[in-house]
Amino acid sequence: MPPILEVKDLKMHYETMKGDVKAVDDVRFTLEKGEALGLAGESGCGKTSVALAMLKLLPYNAKIVSGEILLGGRNILALGDDEIRKTVRWKRISMVPQAAMNAFNPVFRVSEQIAEAIVLHEQVPEDEAKNRSLELLRKVGIDPSRADHYPHEFSGGMKQRAMIAMALACNPEIIIADEPTTALDVIVQAQVLKLIKTLQREFGLSMILISHDLSVVAQTCDRSIIMYAGKIVEDASTKELFTDALHPYSIGLIGAFPSLVGEKKRLESIKGSPPNLLNPPLGCRFHPRCPHAREICMVEIPFLIGTHEGHYVSCHMVNKHPKYA
Amino acid sequence: MGMAGLIILLIFALMAISAPFLTPYDPQYTMQLASFRAKPEWLDPTLPRNIFIISDPGFASSGSLSDWTIEVDGPSTVSWSDKEGYLGIPLVEKGSGAGSIQIASSTSKSSSVIAMEKTFTYRYSPPKRFSVHIAYKAIVEGNATWGVQVQLRQADRVVLTFWNSSQRSGSVDWSVPRPEIDTNDASLRFRLFGDILADATKVFPAQGDYALIILVRTETGDGTVKVYLDDVSARIWAEAFGYLGTDNYGRDIFTQLIYGSRISMIIGTFSAFIAVLLGLLVGLTSGYLGGWLDEFLMRTNDILLTIPGLPLLIVLTAVIGPSVWSVIILIGLLGWMGIARLIRSQVLSLKSKVFVEASRASGAGTWHIIRKHLIPNVMTMAYTQLALTVPGAIVTEAALSFLGLGDPFLQTWGKMLHDVQYYGAVTEWWWAIPPGICIASLSMAFVLIGYALDDIFNPKLRKR
Amino acid sequence: MGLRSYIAKRVVFAAITMFIIMTLNFAIFRLMPGDPISLIADAVRLRAEQVRRLYELFGLDKPIWEQYVQYVIQTLQGFYGYSFYTQRPVSQDIMERLPNTLLLVGTSTVLSIIIGMVVGIVAAAKRGSVIDISAISFGFLGNSVPVFWLGLILLLLFGVSFKWFPLRGTTSVPAPNEPLALAADIMWHMTLPTLALVIILFGGYALIMRAAMIDVLTEDYITLARAKGIDERTVLYKHALRNAMLPMVTVISLAFGFLLTGALLTETVFSWYGLGRYIWDAILKQDYPALQGIFFIISVMVVAANLIADLIYAVLDPRVRYD
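Protein chains in written order, with our numbering: chain P, 1 to 325; chain V, 1001 to 1464; chain U, 2001 to 2323.
Be aware that one or more of the hints could be misleading.
Below, in silico cross-link-like pairs of lysine-lysine (BS3-like), each with a Cα-Cα straight-line distance of 25 angstroms or less [claimed, not checked]:
hint, chain 1, residue 1, chain 2, residue 2
1, U, K2238, P, K91
2, V, K1094, V, K1118
3, U, K2126, P, K86
4, U, K2238, P, K86
5, P, K8, P, K91
6, U, K2126, P, K63
7, P, K130, U, K2238
Simulated from the structure, these hints should not be mistaken for lab results. For clarity, every value in this text was computed on a predicted model and none was experimentally measured.
Please build the complete structure, drawing on both the sequences and the hints.
Have a look at this one:
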């Protein structure tokens, strides 16, 4: 079955007064139908930019230099604004944004805002849309009696869940969840993640989950992609990534997150900080912080190479998976 | 942007400082420089300028006689005397001191006619006003009569008699009051032209050569008579004067404009200063001390904000009496509210930051540290607010003066506009337009500077 | 629940403000050196008995507290004393002129708010465009250019030079009888003063609208609205505007006083038969009762406008009701 979404060699810059910020560089990956894909990395590594590009929601100073995003075979980057609005946004790809606290318009009621999307894309009468929004809210565990409240009357967790309900309103094929659990406390976090997972399975959704928190990715995603400084460094099934990470950065990241099970290890943090993307380092963008860096890393950009089926790494030091060499 | 503001401000500052050099007149008290509502000189070159026909009206030296053409018909002499001179009227008019013309008729049983003529060429369109000044004295001994006449010979040889003292016997000291020989005098116009509504256009109807004639007639019986003439001047009043003409009192408008910059800047900055000072005080106290004082001050703040400013100012000024200082203080008293709010919120946000830090430091040092951190931070906002409050003060002062509530002795730009409105001079655009442009430019300068300051001190607000 | 207590609070606040204004009004005119009776007495040379009776008539012989109470009662009943100049009750003078002022003020307010809002919205949506720059420029100019001067210039240009508009008055003399013609005549006379006011005022509104919109447009819910597939127009005028309106309402209410005084000044220039002209004349003739009455009425208008704005704000912003 063809993948439902393909990102091909996406390259994106932000134009600023000081120059071009090379935010996304040669990003390529695929999303299968029904798959939950995790996009992980430090803040500023480009993951949100990739997500916004899919909905063409980039700010005015963002420039897509090259690349394609194929949705069901068609390049959505080539579509006009009107087409994107009518055919892609919310109808085929929807989003649960970062900090859903602020994603609801404070002057409209919650049910109104959900129904708005339904009316817009499916041209159904208002009361039918209202009923559907109540139904959706129930699905995410919000009592319909609260549907007519204003966003500021909802708690943080409730808002997040309402946000999810809204994202599902038009039965999209793909949902992008951008840091769905940041700003939530741990208990609510667990609830929300469980909810996302359940809904994804129930609706057969394909999902891209963006997070800097590897534990979140580990819990919910089938596949995980690690990004660093605008580039993909590793792309593998979650299981394999967490057991056999190959890229030095991935290893460092996973090591930096404490695990509840297993032997007690010392927490290793990665020395240094992410580079300034105005003038990224030559060669491999990670080389200044990499304990294994050699001369070649400083001059040549590593490509994403498949070490074996379904496991891609971009690192000069890794050509073949040690297990499958 | 701020640079533009600074440049404009500098221009006005220079204008204000060099005012006495740019124009020689005192804007308030130098009246009647020309006809009332004279036009600017550049507007119409055919309009008459101020023409002072006699160059040395006081006859300060014997040489001044040579200006005149003198014809003596009869046994009399005309000479220059340095013993007699018109001394003026104390507190009213300055005299020209020693130096006068003496006409002496000493031969008995004779009559003489002495004519002193001053010719001049008139090149402009007919003027509206013409006036002559003369002072005379007569010393009669015995039986003799004398008379003085002021005449004008027009270009077409017609002679107009403006004034006649009529033949008189007896001495008279320097003439008090002086004869009023002015085309502004309705009776003179009626006498000369039979028409009260005439003006000097009938005196100088065409370009050409005219002559001012002073005629003295003496008749001696068995006595002698000496007639003295001094302070003889004749003036054709300008219909075009200066760069911007004159106002309803004949004051130079350009002068008022230039001097207005001083007053506007002073009033603007002083009022703004008072407002910012008050705002700082209230804002600091309110924000720092908090509690019921804060509540009370802010409630007062809001109430005062609701009371309409200009009407209150009108009422207060009407009652207190208009004067520069009352205007300055009142504008200041009514302008601190917005600033207080801003300062207060700034203090509140600083308080939470600095307080924590300060409390870590030694307990005794808390006050000092807070003062040291609070005040400088708040001061930058105060400077910005100072710049931004000045335009409001300037325009408010202009509005008050426009309504007639400004200091009546001060010609501010607003007062100039009041005059325009009051005397119905809307058509005189050279009078109506410049004051407004000045008000707007000076205010704009401060606005630009204020926003530039805001940019400098609050760069984070730009990042959007 | 929340809404009612909010309204109650605002009404009480307004009432307190009015009370303070009345007290101020009373106090200021009592602070005057001399009193109105002595002014008249000096001018007309009354006998002592007549002077005493005048004092009685005006209630000036009673202690100050009684005078104050009487003043408050009279004012609340709508009696503001007799004008020195016209010899009529001030309230009558005011009532004759008030509708004209309201007409001018109302029209100018509505026009400048609408124009300001649209310009502000477009300026925020298209940063750096011509509209953006002119919005900012007019915003600055509105603060610096005196409105009465602008009125003079407009009068000069369009009234005197081009002769497109009349030079004075609210209506022609004699005024047309037929209501439609009368309305047209009034509107023709109103054009220039309204133009002056709108030019000065719309910039300020545009700036605030622009700033508020810029703020709102960076909010997450706007990005989300776009993500939902809503077209840009609806995003601007429905989602963004509702939120940007809130600071606007506050500014409109604060600016009402400014607008009113601007209208008063403009009226004098155009001899518009309203309160502004009344003030000009009252100042010239030192008609203190008139000034007192005008001050009171103007304050009432401003306080009322603020109150209405507060209520509108409560309707627009659901958050405020639950404080």
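Verification of the supplied hints:
no.: 1; hint: K2238(U) <-> K91(P); verdict: 21 angstroms, holds
no.: 2; hint: K1094(V) <-> K1118(V); verdict: 24 angstroms, holds
no.: 3; hint: K2126(U) <-> K86(P); verdict: 23 angstroms, holds
no.: 4; hint: K2238(U) <-> K86(P); verdict: 18 angstroms, holds
no.: 5; hint: K8(P) <-> K91(P); verdict: 22 angstroms, holds
no.: 6; hint: K2126(U) <-> K63(P); verdict: 18 angstroms, holds
no.: 7; hint: K130(P) <-> K2238(U); verdict: 19 angstroms, holds
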